[in-house]
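Chemist: One line per chain: the protein sequences are X, G, R and S, in this order. Take the first sequence: its letter number 31 is residue 31 in my numbering, and every next letter is one higher. Take the second sequence: its letter number 290 is residue 1290 in my numbering, and every next letter is one higher. Take the third sequence: its letter number 271 is residue 2271 in my numbering, and every next letter is one higher. Take the fourth sequence: its letter number 381 is residue 3381 in my numbering, and every next letter is one higher.
Hint data in this document are derived by calculation from the structure and do not stem from the laboratory. There may be inaccurate statements among the hints.
Claimed, not checked - Straight-line distance between alpha carbons at most 30 Å, and here's what the computed DSS-like set of lysine-lysine pairs gives:
| hint | chain 1 | residue 1 | chain 2 | residue 2 |
| --- | --- | --- | --- | --- |
| 1 | R | 2328 | S | 3282 |
| 2 | S | 3279 | R | 2333 |
| 3 | S | 3267 | R | 2203 |
| 4 | S | 3325 | R | 2182 |
| 5 | S | 3325 | R | 2286 |
| 6 | G | 1330 | X | 282 |
| 7 | X | 331 | G | 1107 |
| 8 | R | 2330 | S | 3331 |
| 9 | R | 2328 | S | 3267 |
| 10 | X | 286 | G | 1286 |
| 11 | G | 1107 | G | 1209 |
| 12 | X | 204 | G | 1286 |
| 13 | G | 1286 | X | 209 |
| 14 | R | 2267 | S | 3203 |
| 15 | S | 3282 | R | 2282 |
4 protein chains.
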Amino acid sequence: MLGNSFGRLFRVTTCGESYGKGEGSGLAVIVDGVPAGLKITEEYIQKELDKRKPGVGKLNSPRLETDKCTIFAGIGQDRITTGAPLGIIIYNVDTQDVHIQQYREYKDIFRPGHATYPFFLKYGEFQDWCGAGRSSGRETVARVAGGAVAKFILEREGIEVIAYTKECMGIIAKDMSFEEIKKNYMRNEINCPDLETGEKMEKKVLEIKEEGDTAGGIIEAIVHNIPPGIGEPVFDKLSATIAHAVCSIGAVKGIEFGAGFNVARMKGSENNDQPYITKEGKIRFKTNNAGGFLGGMSDGEDIIVRVAVKPTPTISIEQTSINMKNMKEKKLKPITRRDPTLLARIYVVVESMMAIAVLDGIYMARAYDAMTKLDEKWLNLKK
Amino acid sequence: MLGNSFGRLFRVTTCGESYGKGEGSGLAVIVDGVPAGLKITEEYIQKELDKRKPGVGKLNSPRLETDKCTIFAGIGQDRITTGAPLGIIIYNVDTQDVHIQQYREYKDIFRPGHATYPFFLKYGEFQDWCGAGRSSGRETVARVAGGAVAKFILEREGIEVIAYTKECMGIIAKDMSFEEIKKNYMRNEINCPDLETGEKMEKKVLEIKEEGDTAGGIIEAIVHNIPPGIGEPVFDKLSATIAHAVCSIGAVKGIEFGAGFNVARMKGSENNDQPYITKEGKIRFKTNNAGGFLGGMSDGEDIIVRVAVKPTPTISIEQTSINMKNMKEKKLKPITRRDPTLLARIYVVVESMMAIAVLDGIYMARAYDAMTKLDEKWLNLKK
Amino acid sequence: MLGNSFGRLFRVTTCGESYGKGEGSGLAVIVDGVPAGLKITEEYIQKELDKRKPGVGKLNSPRLETDKCTIFAGIGQDRITTGAPLGIIIYNVDTQDVHIQQYREYKDIFRPGHATYPFFLKYGEFQDWCGAGRSSGRETVARVAGGAVAKFILEREGIEVIAYTKECMGIIAKDMSFEEIKKNYMRNEINCPDLETGEKMEKKVLEIKEEGDTAGGIIEAIVHNIPPGIGEPVFDKLSATIAHAVCSIGAVKGIEFGAGFNVARMKGSENNDQPYITKEGKIRFKTNNAGGFLGGMSDGEDIIVRVAVKPTPTISIEQTSINMKNMKEKKLKPITRRDPTLLARIYVVVESMMAIAVLDGIYMARAYDAMTKLDEKWLNLKK
Amino acid sequence: MLGNSFGRLFRVTTCGESYGKGEGSGLAVIVDGVPAGLKITEEYIQKELDKRKPGVGKLNSPRLETDKCTIFAGIGQDRITTGAPLGIIIYNVDTQDVHIQQYREYKDIFRPGHATYPFFLKYGEFQDWCGAGRSSGRETVARVAGGAVAKFILEREGIEVIAYTKECMGIIAKDMSFEEIKKNYMRNEINCPDLETGEKMEKKVLEIKEEGDTAGGIIEAIVHNIPPGIGEPVFDKLSATIAHAVCSIGAVKGIEFGAGFNVARMKGSENNDQPYITKEGKIRFKTNNAGGFLGGMSDGEDIIVRVAVKPTPTISIEQTSINMKNMKEKKLKPITRRDPTLLARIYVVVESMMAIAVLDGIYMARAYDAMTKLDEKWLNLKK
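From just these sequences and the hints, can you work out the full model?
Modeler: See the structure below:
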């Protein structure tokens, strides 16, 4: 396997699987590019991890995982960051033999909508058949821990990243201000800030759950108060690195910025956002069809991204399948332990990957700026 | 500026702007990861470059550029690749002072929908104000030259990448087989293989052009005959690197895979593609809602991607604007030299970026496979 | 801090410091590019870690660290690698307040020969003043754990990497065959396979230790049985990436290949290694002045590298110093807990970094080979 | 081939070979990380290229190459950098069929001391047999063009990089101050600032040339006026990235820093450089055994590096060799067109690679600093 790192100057590297192999197993993230002098605590990170914790509420899988994090590296004796890379580990708890045994029985069985088939091709019989391995939703624990660090740094500068459920099975939340969304999006299980609509969504999901089925939806993510000029003009546009970050989350089937796919029906005169000068002398825009981007770089408006989330592939309905080892067709029995929708948990993963991509973009923009300007500070450094 | 390279093992690095600064100026791409022994000719690359050439037909900007390419490095005395990186240069031709003078007059003016504002913030008064610099559509010439190399290598293995116009201003092409699309998509100016619908699209675009306005649309791209198992399971899923590649093209406002945003209204039992075994003993799927991906890795079905393309921001209608230097509002006069839609040219850039991302993914998958297996071949190498 | 990863396809990312911050702190390495199906055990890695363990013997610091490793990720239920990145953690044990308190007293004091001054400039008062942080010798624990994985994979293919003491304070080991070196280099504390000379070296070091001083020396490293053709021809020559890897070890002040600095006094006719054909029909060389490299790529002879190791900077003699906070000169008291020479421990770090660089180079060579050749195997994959 | 880029934030990517394939062939470099607003001219770059030009003087190969450079991208209409990557091309001139024909005859012949054997293994019969391809000394033209850009930026900040001949065939230049070296090192053909000794070196080289042989030597490089704190503490120590950069130059067989291999005979109390405070209140050192590094990071003293350069492998003496295609031994005839020593040309390549590595290190240090500090400037950017 390759590609277990993301980011250039703010960089997360992760490892770990969903099921432990005895004592001490877990998921970890090494975070490079952390400033010295920050009081990032385990409590802060835990709060983020708890947002994606299974076993809570009616929309989540009944699986038990405490997901308790430990910062094992990068903080000094006074528990303040030293500038060294942070090491964060989350130990596995659910290592019950009964579940492992179930997985073992099905280890060569193709599971529709899952990564088992490519895993089998790539890693052969040694593929991690237990709990989907690195393609498990549990892999995202390490992303959220890394994302929490990114969020902490962004918050210091007044930049906020939130993601909430915009749509579920055709039920669409009304448009709301950033402040309203922020205030309300954590108040129901499905993370929809339009509380009335959220109630309908939850009802719908529970109906579908009753059928043994699962539900898809759309997450909208907002980056609030980002400065303009972030992103590189060619291959590493901020929009492109955000797309990379977000589409690397399992179950994501699309991403759009601002007006998104609606631009297919818009004229240039409708789509162009007209700029104006604020009373404070800043450039802002009358509309935000661009979703906060010009030429793929931030333009000072909120970044608005919508993400298509497929219904959980694990369903409680019998499916046709294949034994990949003997290449015989085989029925896959209904599976009962599952999330009826991913919306209630994936939002924090979207927040995390957005935060990582945005902070990394900010770092790159500042790097270029600092590295290419001759100012007093650098002249002074030369003592 | 940073981020002028894309790819890990198959890697393009580009430079160059839309307007020349005297004799010898141009755009170039250095392509690393080229096999030895290939007969990649300038003619082959030229054919791809001609697909995006302006000044041809009624849907294109009247700007004159011959875009003639020269391979200046990487081929041996017998004009066969040596394994060394290819160097390809395309000289600038349109260096008429009259156009440069026009740009100079507007150099501090914010152009709605363009990258001028972030450029001004990042590079100050030294920003390349002439013809949009690295954010010009002309920057894609180097991508297409690099993409041509990728396509050449993919074709050797029977893998094809095509992109065509699926939708324009609400007019939607009917569903067609890969073979039909391939046969027809180059037969009209708007690159729509559904020829009847293409005619309607062209008519619509010309009407909009008459208004001084521009039109948006949707490009669909297909990767045909790709082997399963390509892509890394975590951050570098093939879907994620394709999203990065495609969203790095200016004017792209969204990407979706297979059923894409429709998954928001689908149940798991509807969305999961059911596998079966072909007569030849291979695994295939009854549907392709996944767009060719499982866990972000290829599953052997065609990769299907749809890309939202915004209407050309340059319009022949007066717009409000700002002089960024003195921060005063200013009217921007109508601009006459422009593409009424980007659809007729951007498709080949989408093909190119898809080809680069896919080939790079194939290289990574093979690299992992080769590097981790002890076979006869490597043992023999140890002589 | 940046740059906590090394390698391209075989890639280690590390974190962790020498002193713990309470329960659970430690050093970790995430290893990417691990084949599936290997039985890499904690015992195997432990054996390597034990080679650099302090507190053993008269040439080592009396500091107590058990350096026990745990593989917490990347192995399946049957304790065989799955292809996922390995996660290895080594918990800190020596977290006694008495030592931490000592470091706190000296936290703003410049320690000659140590990294404290640049750390202070880079991370300010938040720098990790306790036990030298990421610039501590203890940082190499994670390198050795990662290097153990590389060695395991290399051994599978019959490639061996060893490093031993060639010279110490003017006392030079005689030339010996690879087999003799391998048999004897672990038989004394200073890791010199010429046992008689090793005895003299140890005696010399103990004399210097008595003076409160420390001793420098030269480590020679050999890569045995490496196939020819490894390394990229331009910036990533194998010799260059080995130089990067080895010079990234603290205390290393130089590296040379084969005849090394002696080439300054050699003519071309003396230095050129003449090739011949073996009975088995392979190309070998009559001499190995090149140290196993042609054009920076391996040529099939053993790779021979010599590494200059400075005397431990921590000495038991009073030194002038500076309080960096108030910029006043200050005497630094003799420090008693130290290694009288680094030679007895650093050799395994050299082995580790060599193994990582060599394996990564082999991976890259195979990657290029696999990715650029159309063979049966890949054609079959396209089912 | 892979690995044709060097650097992280200041990054050069090169292509091109020693022999042209008809009109328009050449060597090029794309330089990423260039500040906007610089007046880097072709004349400035040309001056550096001329330092390595063959065909000048008695110590150089008689080969004719004008090495005239063209900046084809990255500068604006006013010939000032725009922040976009620079593209620099140097066209091939010596494309005479007579030389190509000579190379063709010998294309399968192993040339002792050259890269032909690994090239044959890696690229097979398609390897660039003409003029050594990417392993030719001519490949360094592109490095020098990229290095010129790095030097230009460093000079702006008062940082100078020079490299000169310290030793040749046992004849050693006396120690001199930076100012004296700078004043004199370009005043003789062998680039030795100790003019009297330089005369002896040149005489020695000419004697050896008469024998049909070639001479090795040592280049010393100095980075003057570099600020302290440059380099990352772990894998990307400045010393390590300089080692990578310099050892990637063909013919380099070793590198040492400051006291270098002499540390093998030094005690800690001798080797440690003692710090003091200057009248201006800065930290400096009484000695510079460390060669300007503490913990691999710059300490404010001049960086001192010595580089072992092997004698030119091409000699005018018959050598044994092998036809790699039919694996038969074969005599290699004396070759007359060659450099009797590389010292007279390689120094500028060392300067270039040092400049690139140092500037890239400075960029990384500033990047980390800028990206991790909350200052007024960034708060103001958020308008």
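Chemist: Decide, hint by hint, whether the structure agrees.
Modeler: Structure-based check of each hint:
Restraint check for residue 2328 (chain R) and residue 3282 (chain S): the C-alpha separation of about 11 Å stays at or below 30 Å, so the hint holds. A C-alpha spacing of about 25 Å is found between residue 3279 (chain S) and residue 2333 (chain R), which places the hinted pair at or below 30 Å, so the restraint holds. Under the criterion of a C-alpha separation no larger than 30 Å, the hint pairing residue 3267 (chain S) with residue 2203 (chain R) is consistent with the structure, at around 15 Å. At roughly 36 Å between alpha-carbon atoms, residue 3325 (chain S) and residue 2182 (chain R) are farther apart than 30 Å, so this suggested pair is violated.
Only pairs whose Cα atoms come within 30 Å are accepted, and residue 3325 (chain S) paired with residue 2286 (chain R) is accepted, the gap being roughly 20 Å. Between residue 1330 (chain G) and residue 282 (chain X), the direct Cα distance comes to roughly 15 Å. Compliance with the 30 Å bound is thereby established for this hinted pair. For the hint linking residue 331 (chain X) to residue 1107 (chain G), the alpha-carbon distance of about 66 Å lies beyond 30 Å, and the restraint is violated. In summary, the hint linking residue 2330 (chain R) to residue 3331 (chain S) is not supported, as the alpha carbons are separated by about 68 Å, beyond the 30 Å threshold.
The suggested pairing of residue 2328 (chain R) with residue 3267 (chain S) holds, with an alpha-carbon distance near 27 Å, which does not exceed 30 Å. Using a Cα cut-off of 30 Å, the hinted pair residue 286 (chain X) and residue 1286 (chain G) is violated, with the two alpha carbons roughly 47 Å apart. Among the hinted pairs, residue 1107 (chain G) with residue 1209 (chain G) is consistent with the structure: their alpha-carbon atoms are about 26 Å apart, no more than 30 Å. The straight-line distance between the Cα atoms of residue 204 (chain X) and residue 1286 (chain G) is roughly 28 Å, inside the 30 Å bound, and the hint therefore holds.
The suggested pairing of residue 1286 (chain G) with residue 209 (chain X) holds, with an alpha-carbon distance near 24 Å, which does not exceed 30 Å. Of the supplied pair hints, the one linking residue 2267 (chain R) and residue 3203 (chain S) holds, its CA atoms being roughly 15 Å apart against a limit of 30 Å. Pair hint residue 3282 (chain S) plus residue 2282 (chain R) does not hold up; C-alpha atoms about 60 Å apart against a cutoff of 30 Å.
Going through the hint list in order, the structure does not satisfy hints 4, 7, 8, 10 and 15.
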